[in-house]
Amino acid sequence: MISNLLYNEYPRAARIRPSQGDFGIDVLVPSETHPETSDVYQIKKFATNLTDSQKGQIKKSFRRLMVGLVRKGIRVGDWYLVMPLDPTLEALEWFEKIPDSVIKEMFADPELALTKEEKEAINAWKDADGRIIEWKGHLFCEGLVSKFWYVPDYYLHGGSERIRSAVAQIARILDKDLSLRGNVTTPLTSLLTPAELRAHLGHLNEALKGDPHFLYGVSIDPVAPPLLDEPGLIAATQEVASDGSCVTFRIYARFAEALNERPVPMRLRFEFQDGASEAFEQWRKYGKPFTSPASFELDLPGGLGGRSDGGTVRISPPWRRRDERESLSRSFAGRGCSGGGVLPFDRCVRARWNRALDAWLRCQQFS
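Taking our numbering, the leading residue of the sequence shown gets 1074, the next gets one more, and so forth.
Please note that the accuracy of each hint is not assured.
To be verified - Simulated pairs of lysine-lysine, DSS-like, Cα-Cα distance not exceeding 30 Å:
id, residue 1, residue 2
1, 1282, 1192
2, 1177, 1192
3, 1117, 1177
4, 1199, 1117
5, 1117, 1192
6, 1128, 1145
7, 1145, 1117
Honestly, the hints are just simulated from the structure, not real lab data.
Input sequences plus hints: build the corresponding full structure.
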């Protein structure tokens, strides 16, 4: 949960997945003062007085970071140890000695065998003007919790269910209004006026703000508006009523790691008709737009996804703005594919459940 709080505080932050080659890095935050470097946040779950074993883990993380600095070329800015524990005076004194003690041990380690140049690079990093090596404890974590209340609410107090309920209520507004109109004998334009909707939508919008990964945009229009690419937009859905009016949900990523924290899986099975197999190969080889009947299952945030056994899928040409790409894979199975597999691609996918429900999804990949 601490990492998600950090993502909300620093939307450009990047998660480093745990591995032997993570060099003691949990979260990287691009430095505001030195854009060529990234500050490192090392997260520990320790919440009581540190044991010798826990102190050893912290020192090991710092040591691995120094190795990454000189042997992996990681452009390290400042280093922060984050955990829900404020230091005692004794613990703070121990922490302040970590850089010198760890570096001294590294320099004397014959197995590590640092070169003269590597030792100079480590010392240059440590002694750089304004270098920050800091313990961010319980008060720091509490500050993030207070600022981004929806993170613990979502994970610990049922916030995810409230979001799904709010989405469902908004989607039912038009249906309810139309059904009521059909039961009255006197002509009227609507039983729900904009003024009456305003307060209701305001309450529902507050509930939608409780998603720690995504922001939601909601519009009610007399006709379905076009679904276009926007900064941060990862998906959109439209539900069209019988009179043509439309509820549109747009889903935006709160931070760069949103789709890694909460992936949006989509499973497709193309149902090729005559000539469709060749069109599919043209898309697969050359990126030409492709439309095909398909069955699919889409798991969008807020319960906005769905499943269809008789829908239509359109895949657009590739995106041009490479700086906005995000990692998202899609699973395919069906004729024209070599069995079932994961094919990452760089496209906009438009899926239609039926005449009344549309979904738009960015499916993108790092290159």
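Here's how the hints hold up against the structure:
1. 1282 x 1192: violated (48 Å)
2. 1177 x 1192: Holds - the C-alpha atoms of residue 1192 and residue 1177 are around 10 Å apart, at most 30 Å.
3. 1117 x 1177: Roughly 24 Å separates the two Cα atoms, so the pair holds.
4. 1199 x 1117: This hinted pair holds, its Cα atoms lying about 22 Å apart.
5. 1117 x 1192: holds (27 Å)
6. 1128 x 1145: Roughly 25 Å between the alpha carbons, so the hint for residue 1128 and residue 1145 holds.
7. 1145 x 1117: holds (23 Å)
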